[in-house]
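Asks: As a plain string of letters, each chain reads:
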Amino acid sequence: MTAYETVIGLEVHCELATASKMFCGCPNEFGDEPNTNVCAVCLGLPGSLPVLNARAVEYALRVAEALHLRVPGRSVFSRKNYFYPDMPKDYQISQYDEPITIDGWIDIDGVRVGITRAHLEEDTGKSQHVGVGGRIHDADYSLVDYNRAGVPLLEIVSEPDIRSAEQAKRYVEELRATLLAVGVSDVKMEEGSLRIDANVSVRPHDATEFGTRAEIKNLNSLRSLLRAIDYEAERQWALTRAGEKVVQETRHWDEEQGRTISGRSKEEAHDYRYFPEPDLVPVEPTQEMRDRVRASMPELPAAQRARYVEQWGIGAEDARVLVDVPGLAEYAERAVAALDGTGDGSAKDVVNWVRQEVLAYVNESGLSPAVLSPEMLAELVGVVGAGTISRQQAKDVLAESLREEKWPRTIVEERGISQVSDESAIAEVIDRVLAANPGVADEYRAGDDGARKKKRGFLMGQIMRDLQGGNAQIINKILDQRLSGD
Amino acid sequence: MTGGGGARRIADDVRSGARTARDVVEEHLTAIAAREPEIHAFNLVLADEARAAADAVDEVVARGDDPGPLAGVPLALKDNMCTRGIVTTCSSRILEGWRPPYDATVVERVRAAGAVVIGKTNLDEFAMGSSTENSAFGPTRNPHDPTRVPGGSSGGSAAAVAAGFAPLALGSDTGGSIRQPAALCGVVGVKPTYGVVSRYGLIAFASSLDQIGPFAATVEDAAVLLEAIGGHDPCDSTSIARPAPSLLAGLDDGVSGLRVGIVDEMTEIDGIEPRVREAVRAAAGGLEAAGAKVDTVSVPSATYGIAAYYLIAPAEASSNLARYDGVRYGLRVDAEDVAHMNAATREAGFGREVKRRIMLGTYALSAGYYDAYYGQAQRVRTLILRDFERVYEQFDVLIAATSPTVAFELGAKTADPLAMYLCDVCTVPANLSGHPAMSVPFGTGEGGLPIGVQVLAPALGEATMFRVARAIEQAAGKTP
Chain A
111 MTAYETVIGL EVHCELATAS KMFCGCPNEF GDEPNTNVCA VCLGLPGSLP VLNARAVEYA
171 LRVAEALHLR VPGRSVFSRK NYFYPDMPKD YQISQYDEPI TIDGWIDIDG VRVGITRAHL
231 EEDTGKSQHV GVGGRIHDAD YSLVDYNRAG VPLLEIVSEP DIRSAEQAKR YVEELRATLL
291 AVGVSDVKME EGSLRIDANV SVRPHDATEF GTRAEIKNLN SLRSLLRAID YEAERQWALT
351 RAGEKVVQET RHWDEEQGRT ISGRSKEEAH DYRYFPEPDL VPVEPTQEMR DRVRASMPEL
411 PAAQRARYVE QWGIGAEDAR VLVDVPGLAE YAERAVAALD GTGDGSAKDV VNWVRQEVLA
471 YVNESGLSPA VLSPEMLAEL VGVVGAGTIS RQQAKDVLAE SLREEKWPRT IVEERGISQV
531 SDESAIAEVI DRVLAANPGV ADEYRAGDDG ARKKKRGFLM GQIMRDLQGG NAQIINKILD
591 QRLSGD
Chain B
617 MTGGGGARRI ADDVRSGART ARDVVEEHLT AIAAREPEIH AFNLVLADEA RAAADAVDEV
677 VARGDDPGPL AGVPLALKDN MCTRGIVTTC SSRILEGWRP PYDATVVERV RAAGAVVIGK
737 TNLDEFAMGS STENSAFGPT RNPHDPTRVP GGSSGGSAAA VAAGFAPLAL GSDTGGSIRQ
797 PAALCGVVGV KPTYGVVSRY GLIAFASSLD QIGPFAATVE DAAVLLEAIG GHDPCDSTSI
857 ARPAPSLLAG LDDGVSGLRV GIVDEMTEID GIEPRVREAV RAAAGGLEAA GAKVDTVSVP
917 SATYGIAAYY LIAPAEASSN LARYDGVRYG LRVDAEDVAH MNAATREAGF GREVKRRIML
977 GTYALSAGYY DAYYGQAQRV RTLILRDFER VYEQFDVLIA ATSPTVAFEL GAKTADPLAM
1037 YLCDVCTVPA NLSGHPAMSV PFGTGEGGLP IGVQVLAPAL GEATMFRVAR AIEQAAGKTP
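Quick mapping for you: the protein sequence lines, in order, are chains A and B.
Throughout the first sequence, residue numbering follows the numbering used here, covering 111 to 596 in sequence.
Throughout the second sequence, residue numbering follows the numbering used here, covering 617 to 1096 in sequence.
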């Protein structure tokens, strides 16, 4: 445990995956040719006016349901005024004192993190600063792409309830899984769909007041989040111990140098001059709208994990991985469904395969269910469950299946692969191995736990090699008999 | 002063084939050629485009189709309304040469009704002013006396109608910018209920106050134009979800039995010219003679209108005008970095009055001052709205002065911004409340210059307002 406590609040900007932008009909698409998804409205041309995309409101209401947020009867858009070239109107349409949702929470491993508010706002364009430093101040020139200008954002602001970098990571993971589950965002951090600012302060464990906080911007990955918070907390604690004051400021995370750098200087401090956006009318979500959203809510990650633990008998960590990795839970559900009724193999087996083999393939080659279908996996698990082949053999069968694009059972039958389940055949091999290594059984019997484990492992290796795969249960039974001296 | 016949007459003639739209346009271009150098009503005369549009109208007639209620009627657009591919400047250096890629909704609607856009009219830069002297391209002069201002900010549109350059014009009214120049130029000018006419494509000055409306020589012509441009527009979120008001149908229904209130705070004011006050009373007398019940009424909060207006309008303007930063369009003055380029561009591109209002508005919204200025002004605005709503429980319409004075001489108030701001004392309350109001010519004052009487009505009360305006117009005709 550190000598101090870290206090963290997170602001998560989530791009909503609406078909069109927040205030105009332009496509909301990532990665298109610069300045192609633009019109008079999202370019803020003189005379243009915003019209609110009702889908963005609906998405905010979905998030409200998932994060236990309250929806006031009326919310108001405000203008946040500051000059920046990637902001076409030199103000951002955001929400200020009357956000669309307030006062929610999310549970992270038994700890409740409060959510102050989640409000709607428009995204800015993207600047590219060309020149030595890559920052606006030292650039030779800058290019601006307004495709992102006007993309709907939901800014989700947490209470300062988070106490470690790891917990912050878990908060983001849980939030990300939730946003994905309710279908409002693709939550791709690498594409900027999810962007995080962290408010970090430190204080002695026994303190009751919060320390002075710094806001760290530009956290584009969970790794950056972890590193930046740890770095910043250490930096602040070092200052505190040296009797210096922490300055309340914006700091930028420099991924390459692994440190936070002071952002805006004081003379550039912004007064955003918020005032109600006169071009838009207040948003007043109707009960009918909220009922419709409630009725269409999917199962949320926490409930989904609990269901897997209960119904499939898997561990909490297994359930978490299934739910956190996009597409994995759905894959497992389909495989379990395909397994159902065959009597061979269990949901737990499926999850083991999914977590180990399938995930490995996913990480390695971005395997899609089209290549290794859940039904194929179910067949493989079934074949193992029926005792036809061993788990080790099954891994080879899986590799073959993928290479030759054949079903596991076909591979097993074509190759005549099967594990030895005949007790007398197994006993024969075991006896031969024991005879070939006469001292080992004695050493096993005389040894302590560690030695026994080692000797037994050695014998198993020999036996398996000779058997070319055998029913592990039967082997264990006979080997136990032999080693106990019967 | 007006020539070429009224808008309705022209449209009837063109639709029936009695006159061609082309002939009508040529007559007006001739009038423009004769007097525009003196008046400077236009930033841009669209002679070729107008001829082509007129020919297209004539072809529709030749095919046996109906070009619409404004068939062949020349119409002047205030140069703060976007016209696709046609330079739109707001009379500002900062937008000089900018060609919008789209048409304002009102432009689409007047064209769809058969009108022929004949030019873009001069205005106070970004509609900020009451004399059209704040134009970067030089002042417009009053056709009744070219040594005098036409009023503002829609001075070019008012002068264009008064000089017979176009039977119809569109202006925008944020604090009186249609009604006051209409009064000073002796034409009819209407500020509809906020939300009746789409603001899409109107370059914003103060979004919560801006409203487009018609100029015409007669109440009837103004009604034809408002019917054509009004009605819901999905591109403007503040647009009211109703069709355009029906005005012509009941225009001559008379005022018998209507309850008319003369607003004390907008008539009996310091500095009002006696003949303007007399004109309001005479108009009231005319209405009484026509069967209306007339009384005086007090709207105490109206006296705070100017103070509230000159906080709210600049506050919104400071934000609306932020986008003129040299990055994307219009003027750019290069400098060592982006922030200095922004500043240099705005320094060079905006005139004094625009800068003054941006400063006022920025201050009013600043942290620590917001509540005392912008917040307080919004509370006053609510108070004014409530006061008017209460008064409208007892009166169907209100009448008042439009401008405390007749047209003043060029330069008379340019050195004194506060004196200029007080030109709007009778007009800003209707912008703050969002209610409709219009100015109707009624007699003349000092130097034979026109006087306007203002008619005000509750929200969406345009039909009644026009009936009363029509009755005042008729009463004015009887006045020697």
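I should point out that these hints are in silico values taken from the structure, not numbers from a laboratory.
One should not assume that every hint holds.
To be verified - For each label pair, taking beta carbons as the anchor points, the in silico distance ranges come out as: (1) Ala988/B to Glu440/A: 55 to 65 Å; (2) Gln358/A to Arg858/B: 43 to 53 Å; (3) Asn145/A to Gln1090/B: 50 to 60 Å; (4) Arg858/B to Arg369/A: 56 to 66 Å.
Stated by the list, open to error - Residues from chain B that face chain A, not an exhaustive set, calculated with beta carbons under 7 Å: (5) Glu952; (6) His956; (7) Leu976; (8) Tyr979; (9) Thr998.
Keep in mind the model is a prediction, meaning the values are calculated, not measured.
All C-beta atoms in this analysis are idealised placements derived from N, C-alpha and C, irrespective of residue type, glycine included.
Asks: All hints, please: hold or fail.
Replies: Hint check:
no. : hint                              : in the structure
1   : Ala988/B to Glu440/A: 55 to 65 Å  : holds (57 Å)
2   : Gln358/A to Arg858/B: 43 to 53 Å  : holds (51 Å)
3   : Asn145/A to Gln1090/B: 50 to 60 Å : holds (57 Å)
4   : Arg858/B to Arg369/A: 56 to 66 Å  : holds (60 Å)
5   : Glu952                            : violated (11 Å)
6   : His956                            : violated (11 Å)
7   : Leu976                            : violated (13 Å)
8   : Tyr979                            : violated (10 Å)
9   : Thr998                            : violated (13 Å)
Checked against the numbered hints listed earlier, the structure breaks hints 5, 6, 7, 8, 9; every other hint is satisfied.
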